[in-house]
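Knowing the structure of chain A, use the given hints to seat chains B and C on it.
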Amino acid sequence: MRLFSWWLRRALSAVLTLFLVSVLIFAASRWMPGGFAEVVLGPFASPEQKAEVAAKYGLDESVFVQYWLWLGTALTGDFGISMISGEPVTTEFGLRLPVTAQLALFGVAAAVLIGVPLGVLTAVRAGGRRGGAALGRLVSGLGVSVPEFVLGSIVVFLFSRYALGLTVGGYVPFGQDPAGNLQSMVLPAAVLSVFVIAVAARTTRDAVLNVLVEPYITASIARGESPGFIVARHVLRNASIPVITVLSTITAYLLGGAVIIEYLFNLPGIGTYLVQAVGRRDYAVVQAGVLLAAVVFIVLNMLTDAAAGVLDPRFGAAAKGRKR
Amino acid sequence: MRIPVVLCAAATAAVLVGCSAAPLDPTTATSDVPGYLAVADESVTAGGTLDLQMTVDNGAATGLDPQLADVATSWQLMSLVYETLVTVGPDFSIEPALAESWENPSPTEYVFHLREGVTFSNGRPMTADDVVGSLERLLAGEGVWKSQIGPVEKVSTVDEHTVSVTLSEPYAPLLAALANVPAAVLPMAEIEDGSLDVTAQMLGTGPYVVESHRQDVSWKFTRNDGYWAEDKPSADTVNVVIAGQEQARMAALQNGSADLVMLGNVDAPQLLNGARGTSVGTQATTDFYYLMLNSNAQGGKFDDPRVRQAINIALDRQAMADSALGGLGRPTGVTPAGLPGACDPARVPSAEADLDRAKQLLKEAGAENLTFGLAAYSTAPAPAVAQVIQQNLRRIGVEVTIEQLDEGSWSGKVYGEVPATFDAALSWFAGYADPGMVGKWWNPEQAGFNVGFMEPNPELNEAIDKAIATPEGPERETALQQLCDAVDTDAQMIPLVTRPALIGYRSDALSPTLYETEGYGNVFRGIADFRLLSK
Amino acid sequence: MTWWRRADWLTRSGLACLAVLVLVSVVGTVFGIGGDPDAMVGPRLAPPGVDYPLGTDELGRSMLPRLFEGIGTTLLLSTLAVLVTAVLATLLGVAAGYRGGWLGEVVLRLVEVLYSFPTIVLAILVAAVVGPGRTATMCSIVLITIPLMTRVVRAAAVTVSERDYVTSAVISGARWPRILVRHLLPSLSGTIAVQGTYALSVGILVEGGLSFLGFGVQPPQSSLGALIQQGSTYLLAAPWLVVAPGIVLVVAILAINVFGDGLRDGLEPREARSLV
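Chains as they are written, first to last, in our numbering: chain A, 1 to 324; chain B, 1 to 535; chain C, 1 to 276.
One chain only, chain A, in its complex shape (with noise of 0.2 Å):
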């Protein structure tokens, strides 16, 4: 019951977040100078041709109508029509969002895959040699130093010349052409995975570092328990809640759309879409955008939060009494 009153809480505490975000990207959205009109109908438009295209979207009424209207809309899960392209809203980032999760699953698979056991194995190997802990502390922070935008543009133009089979660019849909869409989509998940797989061997790190100093490990060392037990038994359940926040975050951060990578790989993702809609002040992209973003990382907050009661139950305990 009383865990009921707190994910309850959660939930109401995840609606207002919601509603915030909505008003501040509403708000920024009209904030920005220049309008629709200016942008989409070009220099020479009349004042006409611009009042008639404010009338068709609503643009000319006073902002907290039009938000109103909006809101009104967006509840029924219509978020209105692309300006640019006079599509649903939602059609267009039907389009863009396998392309956005893909890259995602290839990202977070390279965490999970490569990243958490490398951050194992670094931490259960540490101590002793102080040399060597600084060496792993050294390699696992070269992968979070170096750019995306950096490491992106060598990438791009070491295969564009020496192209192994792969394509920069030339995306095409998985469902279109499979072998196709797999090598256009290696190198921006490659390119994405060293920064990802970095930041989850460090985490994974550290809290396996943090457990291995818990009593009870030093018990099980003296039971004579074989190091791949303890890691197997005890390590890995104690350090994973930290582990889990970091792919959560991770996985929100790339479903969010990694813009760069797919400005660099021209790939037609929900991160380019958004900098662009926001370019061209194609209001309801931005705003179904943002909060679309928005509610992919509360959700998958909540998640882990989720994850971390199961696994440990101080924490849900923690949560609710925790000192506000």
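Think of the hints as simulated: they come from the structure by calculation, not from any bench.
Computed from a predicted model, the values in this text were never measured in an experiment.
Errors might be hidden in some of the hints.
Ranges of calculated distance between the beta carbons of each label pair, as one might list FRET restraints [what the hints assert, rightly or not]: (1) A:69 - B:55: 49 to 59 Å; (2) B:201 - C:79: 49 to 59 Å; (3) A:302 - C:267: 29 to 39 Å; (4) C:186 - A:3: 51 to 61 Å.
Ideal Cβ positions, reconstructed from N, Cα and C, are used throughout, including at glycine.
Chains B and C alone, transformed into the frame defined by chain A:
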């Protein structure tokens, strides 16, 4: 202390050694045929799929209505589907298109004889009614091209294949204006009976039909099998990918996933040096950059013509062409350099004055310590041009702060308010195909978009009207030079340098037809002739 | 500063690298080594040589002074932004963690709202609203780094406020500003310093990303991100444009990260143990 620098230098040297070993091959397109960068090899078998990449899509809320299209990228895409009565040749002569021939019985009367056997892609034959209806629709509409078509009084059907156009006064650029996509022949019967929404669908007489389009992502065109020109178009399918990022387009060209790409970087020929099978065409255009000095700017910064003239004098157009445009641009007056009959930019008043004169003018106007903001697009090479302007003006003690803006912010700042609140802005115009045409935009009452920052100047307006009314001949040359001088002295919108178009293509996969100089920014002008070599 | 004596070679070299970068930039800029960074003095795209030690860019400007200026711009903008973040995050975090109540709720909610925005989209929105440039870059860095730091500071403040010496101070009637300054801040300073270094590396990344997308500092001012953005198209034809700023950028972020790690290990000591 200097370790990082030493390290950097060492790494740089290492990379340099690695790069200089790359094999070089000539990558700049040239052709023996005068007026062309490349001519398609007609001995190659027709057919195949042509993969193109462009920087931006047709992005107007006005949709696909060619009469409302006002930017070159829209014209370029629409020209695959829509055709005009006449077209522009490589030397800017007017050539037949949907009109096979024409007569000009008096300075105010034109008679066009339409080509027979032309059908729209739905199979219906094109008639004189379509031509008359299209022009009447254009004249009654809101499109920008309405004012370029000139003082058309009446368009009428003579017979099924003959159309006459009557002007209220002589207008030299009429044929050139009819050669651009907004003057295309639309299927008027379908538009009038409501079966075609011209803003959402394209239905024309051109070589291709639209199969699919995803806004800002891609286009797919397929061959119009009923096209009037025999054995054209050559390629069966045309895919156009919209790729905003220069690196992505260069990569697509190098790895062969695109046959032809539009490039923005003026150093593209050097950058692609050593990439096997690629070629870069540097097409001169009549498009040019111009600097707007807002005479309504706060604090009256530019309401004194002497201040504007001083700035004009201090601008070094050759430096812009050499540094910012890598030697590919040309200094220009308001009549775009490269068009026959264009004035000599070295002969306008500002070019004949020196920096001392500029400083003196500033002093007389009491504006010695002038500072102002310059709003420029963030698309290359505009920021480079802005930085050369900044350096130029430093020579007369004027400080410029550059604001590099995205499209939305730039448009909002420059066109959003009347009177406008910006100080100065940098932009470019398509230069069109007749030297008198673009000059019209210097009359804010006709252009409209610049009423917020440009005061009408009666003398200038007179020069504009004279330039477009005077027919071809020595008299027109004088009129055009006077137009250049008037624009130069007015200095509210200052013409700078022409803007090159760079086209990269696979010389091992594609044999294109490209003009050396293009007036309407239409790289795809010869697309019906493009031959694919390896597919 | 006892942790410094225990710091390993990596932590020390991280700090040393940063010091060298700052020094190089300050000395280079103040003494004008290599000339005016904005002047178009040489041929375009000249390779490194005697006249132009790091070559020239696409407008014929010497890269050496542009690199000095770029390092300075990037480090200064990020540092200033992170200082703002640190002050705001401390105030908000302590308010939420120590005072709690409705104030804490409001702070948490605001933080979560900011957190929900996709990073680069948030930065671009800021650039669109306030206009691209230094202000937008700093605002973006602050808005992006503040949520995490506020949360961490809040969590630490919750723990600290439950400690005996704080409780006794409250009981003895000390007012909260005094408790804040005398008791909370000293205990929180370690956490703030560690988070600050991480925020700094994020700040540099954000500056670079914004410049890369064309919303960063305005030309002709250079920053590491802007230099890389301009140079990235010339990677094969003129690699010197991107190699030097690229290496410096990576070194700077790496140095900050390893220094941050060392700082944290020193301030929150933890016995390392090897299982193998």
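Hints versus structure:
1. A:69 - B:55: 49 to 59 Å: 35 Å, violated
2. B:201 - C:79: 49 to 59 Å: This hint holds: roughly 56 Å between Cβ atoms.
3. A:302 - C:267: 29 to 39 Å: Distance hint for residue 302 of chain A, residue 267 of chain C holds at roughly 32 Å.
4. C:186 - A:3: 51 to 61 Å: 37 Å, violated
Hint violations for this structure: numbers 1, 4, all remaining hints satisfied.
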